[in-house]
Amino acid sequence: MSTTSPPPSPPSSHPSPSASTSSSNEDQLPTPRAPTHQTTITLTEDYFAPPLPPRPSLEVTTSNAFLSVHSATSSGASTPGLQAKPTTAISLPEGVHAQQQDAVVSGNGSITGAPSFSDSVSVKSLVPTLSAGDNDVESMLGEILEEEGEEGGFLKARRDILDSAGGGVGGSAGIEVEFEDDGWDESSDEEGLGEEELVARWRAKRKHFFILSSAGKPIYSRHGDESVLSGYMGVIQAIISFFQDDNDTLKGFSAGKHRFAIAASGPLYLVAISSMGESDSQLRAQLDALYTQVLSTLTLSQLNKIFAQRGNFDLRRLLGGTEVFLDGLSDAMTLGSPQVLLSALECVKMRKAHRENINSILLKHRSPNLLYGLVIADGRMVSVLRPKRHSLHPADLQLLFSMLFNASTFRDGGEHWTPICLPKFNSKGFLHAYIHFFRKEVAVVLISADKDAFFEMREMKGVVVEQLEKAGSIKIIEEAVSKGRYTTTDVLSSGTAIRHFLYRSKNNVQFTMPSFEPHFYTVIARRRLMNLYQRLHAAVHAKNAHLKVHHCIRNSSVSLSWVTPTFELYCVAAAGANRTALAKSATAIAAWVKREEERLFVIGGVASSPFLFYY
Amino acid sequence: MASRDEAPKLSSSVKLVLLGEAAVGKSSLVLRFVNDDFQENKEPTIGAAFLTQKCTLPTRTIKFEIWDTAGQERFASLAPMYYRNAQTALVVYDITKPTSLIKAKHWVSELQRQASPGIVIALVGNKLDLAAPVLADDDGGEEGGDAMNGGNRAVLTAEAKAYADEEGLLFYETSAKTGENVQGVFEAIANAIPESTLKPRAGAGGFAGGSGRAGAGSGGGDAGAAGMAVNLEDGVRAKEGCAC
Ligand SMILES: Nc1nc2c(ncn2[C@@H]2O[C@H](COP(=O)(O)OP(=O)(O)OP(=O)(O)O)[C@@H](O)[C@H]2O)c(=O)[nH]1
Ligand SMILES: [Mg+2]
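For the record, the sequence lines run as chains S and E. Its first residue numbered 1, the first sequence is counted upward by one per residue in my numbering. Its first residue numbered 1001, the second sequence is counted upward by one per residue in my numbering.
To be clear, the hints were calculated from the coordinates, so they are not data collected in a lab. Warning: the hint list may mix true and false statements.
Here are the simulated distance ranges between beta carbons [unchecked claim]:
{"hint": "1", "chain 1": "E", "residue 1": "GLN1039", "chain 2": "S", "residue 2": "GLU597", "range": "36 to 44 Å"}
{"hint": "2", "chain 1": "E", "residue 1": "GLU1159", "chain 2": "S", "residue 2": "PHE438", "range": "39 to 47 Å"}
{"hint": "3", "chain 1": "S", "residue 1": "ARG316", "chain 2": "E", "residue 2": "SER1109", "range": "24 to 32 Å"}
{"hint": "4", "chain 1": "E", "residue 1": "GLU1187", "chain 2": "S", "residue 2": "SER515", "range": "14 to 22 Å"}
Derived DSBU-like pairs: lysine-lysine, alpha-carbon spacing no greater than 30 Å straight-line [as the list claims (entries may be wrong)]:
{"hint": "5", "chain 1": "E", "residue 1": "LYS1054", "chain 2": "S", "residue 2": "LYS440"}
{"hint": "6", "chain 1": "S", "residue 1": "LYS364", "chain 2": "S", "residue 2": "LYS251"}
{"hint": "7", "chain 1": "S", "residue 1": "LYS424", "chain 2": "S", "residue 2": "LYS543"}
{"hint": "8", "chain 1": "E", "residue 1": "LYS1063", "chain 2": "S", "residue 2": "LYS440"}
{"hint": "9", "chain 1": "S", "residue 1": "LYS305", "chain 2": "S", "residue 2": "LYS251"}
{"hint": "10", "chain 1": "S", "residue 1": "LYS451", "chain 2": "E", "residue 2": "LYS1054"}
{"hint": "11", "chain 1": "S", "residue 1": "LYS440", "chain 2": "E", "residue 2": "LYS1105"}
{"hint": "12", "chain 1": "S", "residue 1": "LYS251", "chain 2": "S", "residue 2": "LYS428"}
{"hint": "13", "chain 1": "E", "residue 1": "LYS1042", "chain 2": "S", "residue 2": "LYS451"}
{"hint": "14", "chain 1": "S", "residue 1": "LYS470", "chain 2": "E", "residue 2": "LYS1063"}
{"hint": "15", "chain 1": "S", "residue 1": "LYS364", "chain 2": "S", "residue 2": "LYS305"}
{"hint": "16", "chain 1": "E", "residue 1": "LYS1063", "chain 2": "S", "residue 2": "LYS451"}
Ideal placement from N, C-alpha and C gives every residue a C-beta, glycine not left out.
I would like the entire structure built from these sequences, with the hints used as guidance.
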């Protein structure tokens, strides 16, 4: 509405934490008319508060302490991610602060404080393979260094994440190319490269995921082949067990700009190494997604049984063929996945009546052995059918989606019948999924507990598709898909400074967002946007952070996070956007979503059993 | 050709299952047979895919209901579900990979022990295009290792053929990539199905048989799965009966 009005006062570009409590209304949608935006706490801060000296962190890389046992701050580098400086500690209290101080956080505290850790040299000596010449480290860190440079006011040219209004994508195109090849995508073929080169390339990745057995056997790695990896796996296993010997659990530590997060899940270790600035809990959520993927293939009971029988079993034998799913998931999480970040799924937007039509067709023709029935299009939900007694956990659904869309094997137009474990439903056994992409982007998935139910499910699908066709629903779905997501200007006035937003409905465990176009249509721009979201998300979810509204100004963007008991909203606006206008836009978005709720989400539940339409 | 659909001709559905080690080209054979297509980088099958294809012969029309199973080790315990009541099986190996023939032999003996007695089994050596261009005598006469010069063939035609004859299997070498012999295999099978087992064309009969069929003899299955195969049959008897 009135979002385009000129800013009454220029946005402050310096950290000026201001806390104002107005605890009323936090639950309600402030109306656009509200004289001021209603916030419990308003925090204006620049993440990287004091401008950094030019590339300060190079000092770290040249010092030999690759595995830094000092606090990140003392070495003069601010760790990537959410780093509140002491001045902002009021609103980003203890939890965040502590995390910043301890480079190595173990169950019982920091590595520096751990009494048993008398021989820091020996730990370092385990790591020299990880450490490297300056070049290597710089290539590992390049991305973040540059990004921090940007935060600190350097490399102003790199505005590709958010070109200020009208500036257009054209201007940044040249810059993007420069980063195209440092990236996460695996286009370059590595055949015929020498080992050194392979190792260098491997190191240059922004993010690594490993899975290994507790005996240290490699199970999965996103990047790099066996020859490069086996040594590292050993090191990781040694570090983890070093702590375990002391009955301590190593959860994460920092090495240079890289954050290591470790999860011991069942008989497996999962490790994430990231230079992208995620919080530990975010990295842990990513590891959990990978673990869930492994479980879906094997079930927890099988996994435990296998390793109980043979501790050094080579699990790759049994995971053969699922690398595509793990790779797809890893890449999605490197690019930045709203699904994983928000633990929620997205729906295809359509009229309530249209969705109800589809729901009732599914319901009417459901066959006796059906457990869950889904209509899915373009990686999003259209309709979900579940029995009253069984909820459907978003993590399980996400797993299913990642299987369907991260590999082409199910999208060949054929019919598939495959065992799948949905760990949140039951980690001990398999369900069986009938999967048919009866249109290029549209699938029916029917899940049964009966392994012999294929033909029953197939028959149901036949009837359902026929009825959907008759009702015109398929056409509606396909149109909705081809139209793509709505744009910010569909939601707000056409001159809006808002470039993108993520809205998560807590009750529905679903999220909605506008199209990434036109502002974030390149992979790089999108990754940066997601990186920003991830930082915003970390800020409002930090332990002890009681933020309700979080306002963040950077050179390239202005953003706002808003958390209420019913939703989370993250909006990103062009640099220089006015704060009041931003708050008004956020309010308008929330009101719009409320109005469109039944089109945006699959609704069907009471708060305690969030998912979905049920029978 | 036979413009009007078969009046006197025998027409029937036949359940066919493909078995064999991972990546030997089972899905590729089916893709060639059903869509006359080939993909250089076909992704591994997960679970099983179900396809149908008609095969019209002078004397009969057969509608194949094809189960293309996953060759990955962990799916081995599911196989009985697919070959149970199958009238015919294609056991596929890769002529460039000797271990895949060993695996194929395991499948053959499992089928002989546990599948329907009358099952028609064809042994298929795939990826014929990767064999050395054998110039002269193409009917079996491999003079020692000579014929292998320059090619990737690692399983001699004669060896596999001898084994097939011994076990009473149909035998073909194929290339899903070039299409060579693919149609031939399916036609040969269609011809080989004994008339007595051809049911008049009914709908697909579930995993055939009633519903008491469940477990029976499946679990242990073939030891070829190396004892560590995942038991995918640990179904979820969904808590307190899910299908409410
Ligand atoms: N050169 C050549 N390659 C083939 C042929 N058939 C299959 N391939 C290739 O071999 C690989 C595996 O083929 P698939 O058809 O997926 O093998 P599969 O037996 O179905 O494998 P699973 O589903 O894992 O059991 C693919 O990359 C195919 O392109 C062939 O006749 N010649
Ligand atoms: Mg296959």
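Numbers of unmet hints, in rising order: 4, 6, 11, 15
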